[in-house]
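Protein chains in written order, with the working numbering: chain D, 1 to 221; chain R, 222 to 754.
No lab work stands behind these hints: they were computed from the structure.
Please note that a few of the clues may not be correct.
[As the list claims (entries may be wrong)] Pairwise CB distance ranges, derived in the manner of DEER restraints:
hint, chain 1, residue 1, chain 2, residue 2, range
1, R, Lys738, D, Tyr91, 55 to 61 Å
2, D, Val173, R, Ile343, 40 to 46 Å
3, R, Ile512, D, Leu45, 28 to 34 Å
In this text the structure is predicted, and so the values were computed from the model without any measurement.
We put the beta carbon where it would ideally sit given N, CA and C, even for glycine.
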Amino acid sequence: MMETLLFVSGGPLAWAGGKTPVAYPAQFWDQIFNIWLVIAVVIYLLVALPMIYFMAKYRYRKGVNEVGAHEEGSLGIEILWTVVPLIIVIYLATQSFANYTQQRTAPADSLPVKVQGMMWAWSFEYPNGKKSINDLYVPVGKPVKLLLTSTDVVHAFHIPEAKTMEDAVPGRVTTMWFQFNKTGDFRAFCREYCGTLHSMMLATIKVVSQEEFDKWLQQPS
Amino acid sequence: MQEAVAVQTPWYRASFKEWVLTTDHKKIAILYAVTSLVFFAVAGLMGMVIRLELTSPGMQYVSPDFYNYLLTGHGAVLLLWWAIAFWGAFTNFLIPLMIGARDVAFPRLNQLSYWFFFSASILVLITLIPSQNIKMMWTGYPPFSLHDGAGPTALYVFIIWLIAGSTLGTGVNFITTVLRMRAKGITLGGMNLMVHGLMASIVIQLLGVPAFVGAVTMLFLDKYIGTGFFNPAVGGDPILYQHLFWFYSHPAVYVMILPAFGVFSEVISTMSRKPIFGRKSMVIALWAIAILGFEVWAHHMFTSGMPDWLRIVMSYTTVLIAVPTGIKIFNWAATLHKGAIRFHTPMLFTLGGIFMFLIGGLTGIPLALPSFDIHVHDSHFVVGHFHYVLAMAVTFGAFSGAYFWYPKVTGRMFPEGLGKASFWLMLVGSNIFYFTQMMVGIAGMPRRYADYPAIPEWVKLNEIQTVGAFILAAGVLLTFVAWIRGLKGPRVERSPWGSPSLEWTTPSPPPPQNFDKLPVEVPPGWSPYHYGR
Numbered sequence: 001m002m003e004t005l006l007f008v009s010g011g012p013l014a015w016a017g018g019k020t021p022v023a024y025p026a027q028f029w030d031q032i033f034n035i036w037l038v039i040a041v042v043i044y045l046l047v048a049l050p051m052i053y054f055m056a057k058y059r060y061r062k063g064v065n066e067v068g069a070h071e072e073g074s075l076g077i078e079i080l081w082t083v084v085p086l087i088i089v090i091y092l093a094t095q096s097f098a099n100y101t102q103q104r105t106a107p108a109d110s111l112p113v114k115v116q117g118m119m120w121a122w123s124f125e126y127p128n129g130k131k132s133i134n135d136l137y138v139p140v141g142k143p144v145k146l147l148l149t150s151t152d153v154v155h156a157f158h159i160p161e162a163k164t165m166e167d168a169v170p171g172r173v174t175t176m177w178f179q180f181n182k183t184g185d186f187r188a189f190c191r192e193y194c195g196t197l198h199s200m201m202l203a204t205i206k207v208v209s210q211e212e213f214d215k216w217l218q219q220p221s
Numbered sequence: 222m223q224e225a226v227a228v229q230t231p232w233y234r235a236s237f238k239e240w241v242l243t244t245d246h247k248k249i250a251i252l253y254a255v256t257s258l259v260f261f262a263v264a265g266l267m268g269m270v271i272r273l274e275l276t277s278p279g280m281q282y283v284s285p286d287f288y289n290y291l292l293t294g295h296g297a298v299l300l301l302w303w304a305i306a307f308w309g310a311f312t313n314f315l316i317p318l319m320i321g322a323r324d325v326a327f328p329r330l331n332q333l334s335y336w337f338f339f340s341a342s343i344l345v346l347i348t349l350i351p352s353q354n355i356k357m358m359w360t361g362y363p364p365f366s367l368h369d370g371a372g373p374t375a376l377y378v379f380i381i382w383l384i385a386g387s388t389l390g391t392g393v394n395f396i397t398t399v400l401r402m403r404a405k406g407i408t409l410g411g412m413n414l415m416v417h418g419l420m421a422s423i424v425i426q427l428l429g430v431p432a433f434v435g436a437v438t439m440l441f442l443d444k445y446i447g448t449g450f451f452n453p454a455v456g457g458d459p460i461l462y463q464h465l466f467w468f469y470s471h472p473a474v475y476v477m478i479l480p481a482f483g484v485f486s487e488v489i490s491t492m493s494r495k496p497i498f499g500r501k502s503m504v505i506a507l508w509a510i511a512i513l514g515f516e517v518w519a520h521h522m523f524t525s526g527m528p529d530w531l532r533i534v535m536s537y538t539t540v541l542i543a544v545p546t547g548i549k550i551f552n553w554a555a556t557l558h559k560g561a562i563r564f565h566t567p568m569l570f571t572l573g574g575i576f577m578f579l580i581g582g583l584t585g586i587p588l589a590l591p592s593f594d595i596h597v598h599d600s601h602f603v604v605g606h607f608h609y610v611l612a613m614a615v616t617f618g619a620f621s622g623a624y625f626w627y628p629k630v631t632g633r634m635f636p637e638g639l640g641k642a643s644f645w646l647m648l649v650g651s652n653i654f655y656f657t658q659m660m661v662g663i664a665g666m667p668r669r670y671a672d673y674p675a676i677p678e679w680v681k682l683n684e685i686q687t688v689g690a691f692i693l694a695a696g697v698l699l700t701f702v703a704w705i706r707g708l709k710g711p712r713v714e715r716s717p718w719g720s721p722s723l724e725w726t727t728p729s730p731p732p733p734q735n736f737d738k739l740p741v742e743v744p745p746g747w748s749p750y751h752y753g754r
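Chain R on its own, in the form it takes in the complex (with noise of 0.2 Å):
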């Protein structure tokens, strides 16, 4: 076998070479993290564009149709380079680690998935060009999709193709890693919470992606090819593709949002310094999630024309969802019960990540009643409901666990100051945005809608929703600021936060081998959350 280039030299002393030719999952990881960072902060300032603009009623800054590329953008950036490959970093980086393997299963695989990444990832600049603007929103809905007001179709499906090699090349390579390497004494049980949940989003990923390949594939040849799965013209049923792209599309709010749950599970146990409350029923409920997710697709279709006892189905399923989430919730609120609480920047970010999640939950509940949703389907209530789950719990979440990894992938400690501001602006920030968001949406306010009639109520609301954006966007910027600055910041020890979970037992950053002593190997009774004892 060939060796993988320049082994023995730690990341931060990597050339430009070893960084394009590395197979090192923690080099990957943080190829993968740098270039979600980049696309999350293009796509925040999107969305601070789409701000601006929704203030007041008219068109002030940008053109109806440059407006609904920058939705396109915000939307699909956010979803596949923030909330879904963000978590691509934390998988490579985390996972070996802490199943105390060398490397991946595959690292020439994982090299490949990653460099597919990257390639959708200059497809996705190509949009920036006028005439290659996509405006088809992120779900690309037919038939609009085949008429040429969508922009270049044919782009979108192949940045999909893209992204699919990676999820799927990442996912083979993922599951074959816990199932074959993990140190002698590691159960599948007795894995981090944090392992489940990345393991979850990508059994579903596995799953999801072929149904969602498969749908804009078929869009591809009806557009280019002329043939009619999607398009009534010559046959085709439209809904057909909205079935199919919410069979994986759905799921894949669980992708984004079983990471997070990882995250605050290590967190909250780690800085109360006890055992995660209910740990079986933790591991069992993220599993239940993650297979229940695959039977409430059609909730995204209450008002789209398909059969109403399909809803009423699809409304039962999609409540049961409730239950798993629910328990996770209780749990970790269960776990600071007599717990000896250290308020650091990832702990803050963690329970706040908690509360928003609450509050996103507790607002999608009604999402799921045809009954309610029948008023605010298509409005600023969804948009407001799914910034609270997605732009708030697993924001938060991946702020939380990159903080708390910080030391372990730098060596360094981050300024607490700068990461505490930036949590205090961000979740009030974000609840003046998002809180408002959902209430113009029940005071009727369609979504993706450029412009809007001037109702006193609904121009109030938008005011107080940039404001809301402005600071958020303040606490986003002081996050960016903290981790740079951390980057010379006090040396740390191999577990400054006080984990025993097998990541903190090897040196930060940690050896290009990952351990002192391979193989790894943990006594009997071993568990990561060892706390109070």
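Looking at chain D on its own, in the form it has when it is part of the complex (with noise of 0.2 Å):
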């Protein structure tokens, strides 16, 4: 059970020993759960121990206590817990505002490429017309920004290394933007269900070299 709790958390504790993400921008979604986290479990523990402690002290026991107090609320205290959490939301909401704009702003260098959903398959067209099938080569080290749309329903493009993604919706343009730090063969999911098949809509993002992609790119389609 360890083993996979690390497993889930070896992103997000690779962020705080400092590496380098196999891919960006997972960086700023690995800050913003770790920052979470640590939130979430101090409130759950200052709620739940309380009432742990409360059901076992004041369990009914005959004789002994039988009926509860009179007590109706506590202005004060009512106050301190709308207040508190408040402030902590809009923290919340605020650090989100700074990590999401640097998670949708593509770098101004970025590899644009088209990309089209459709049922179901996914196909990538480069800046020269160079065209690819389910296959989408991209140079390590180098940012890309992806130009979605779809040709029949709404699908999604989720690239789990670099912990992002954006629907492709026909009828419209939608942007992201991810680079690999690492060369290799990785995954990219369809996100939003499309029918029979939406589980097998899956795209290989392949890592390349710059000069390994410069040379595919010349290839023809």
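Build the complex from these two chains, which are given one at a time in their own frames, with help from the hints.
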């Protein structure tokens, strides 16, 4: 169990150690995850522990504790537990705002790639007109900006390593960006339900060196 | 006015004809409860097939299309027939009793509302025919729902129309009842928190359902008449549907949880023999959630392609909901302080429900943050989170309420041992199930996947979930056994739990005219939570 727990928090812990994530902008997600997790665990304990203590201490005991006290409320403490949570959630939303801006803003030197979702495959088109189906070739260490659309129904493009996604909507162009820092093959998933083979609508992100990428880009489709 | 049929017979001696023709709010409540429980069982079984299929990668038991149907059915039926309709039973049974009324304001309309609901139930059964499988998920997003692969969209639309008829009839009826038929001495602020919870939920439905009906009606026109509201091929906008849909369907989650909050308040106060802590702030918080609930819908659309500024605005409004919700949890915890706590079955379900709602709430906060949602949107993290809220907080609340008022409805006591065993199995099972579900979501597993690649961590976490699901199912089964066996249990007095609330001052089960003496009147300073004095 512990092993699995560590696996799930593996990414975030890596961020805490200052390591570069496999793909950007995952570090912003890792950061908000950590902040939330700490706050959530603290709040959980602050509520759950007193509750468990009260449940044990004030349990019904025949002849000893049969009727509760007549306690209707306390203005001071009620104001306290209105104001403190308000401050916490406003902080969280603001921290999220700051992170989100960076998760959504592609660096100026990004490589633009047009993405088309269709039932049930992905097609990619590069600036020079080169096309590929289900294989998204990208150079390592270079930011990529995806311009998403769809030919039929709503799809969504999710890259687990980059911890980012966006819907591909017919009749619209939406955007997202990422950058891989490691070569290799990675999966991308369709994340918006699109029918029978929704769960088969996977693309492979092939992260290669810049030279290899340039060579591939010049080959005819 | 025509006299309602056989008003002098208690419900358990009613003939088939009386059940069909009844306008008695208590019998209609039982009709809602039984219909709801049948569909709860069916949709639960659908969920078990889904769970079995996901245990390991590859398709083992069903085809992807049938899997998609099961998922649609599991979601739609548990939301509409369980998490909303089961509260219809509480609304019908409790509101007139808690406010000291003889029946509802419009008994015939109440009867009509139930039979609308019944008709919708028949249409749901039609979807079991293979050619009529609806496979567009309960959300029915276009353009997919305009596509032939989605199944019969018309059937989905008709179901929503009938349900809406039922909901709106109930809404008008009970709002009138509560405003006009309270016994002398009961003020709006002095009503039971359960009545406030049910009322807030009804008001949300009355305000929100029309948007939902409008959305599915446009869907119907798009698909069958060729209009272009949502169809991008003729210049429509699919995102417009999402806005209209979530404008009601997000507040709908408060329709499901606010009555559970009502149950938690009634049970925790009665079983601790203490007035509910901060009662006024409880009422304000409840209505604040109902109002705020209408300002947050687009947090379901953080990755939908709508403008980024709207995502930020909706993230701020959404996190605000945590404040009134927090107030309620803190007040429940404080109610335990210096109480004399009796751990009967309803109390166990209430405490379990509050603990689980705490987890459901704390895992809901990051989903309100776009920078967090961007990775877990449409993943199993979302599914795990809303199962903590719906399958645990709402269902534990519903079970708690059903156990709590079981002696009032039936006049008999259920077997406590079975009830407690059921609670512990459900608590353990669902935590194993839904906690691992959230973990696999953070690990990246998308929701609504009939199949998934054999990533070792995903497989392991899915296996654990299935174990939890079977423990949970065993727990639910024990509750069904307890409720059936309880029908032959020992007879009870008027108020077996020792609550002074109005519904407990009348015999169990209540006579057809509800109270011994009409009209009901309460003394000045009366409170349903009059403990510790």
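Going down the list of hints, with the structure as the test:
1. R/Lys738 with D/Tyr91: 55 to 61 Å: Cβ of R/Lys738 to Cβ of D/Tyr91: about 56 Å, so the range 55 to 61 Å holds.
2. D/Val173 with R/Ile343: 40 to 46 Å: At 44 Å between Cβs, range holds.
3. R/Ile512 with D/Leu45: 28 to 34 Å: holds, 31 Å
When held up to the earlier numbered hints, the structure conflicts with none and fits them all.
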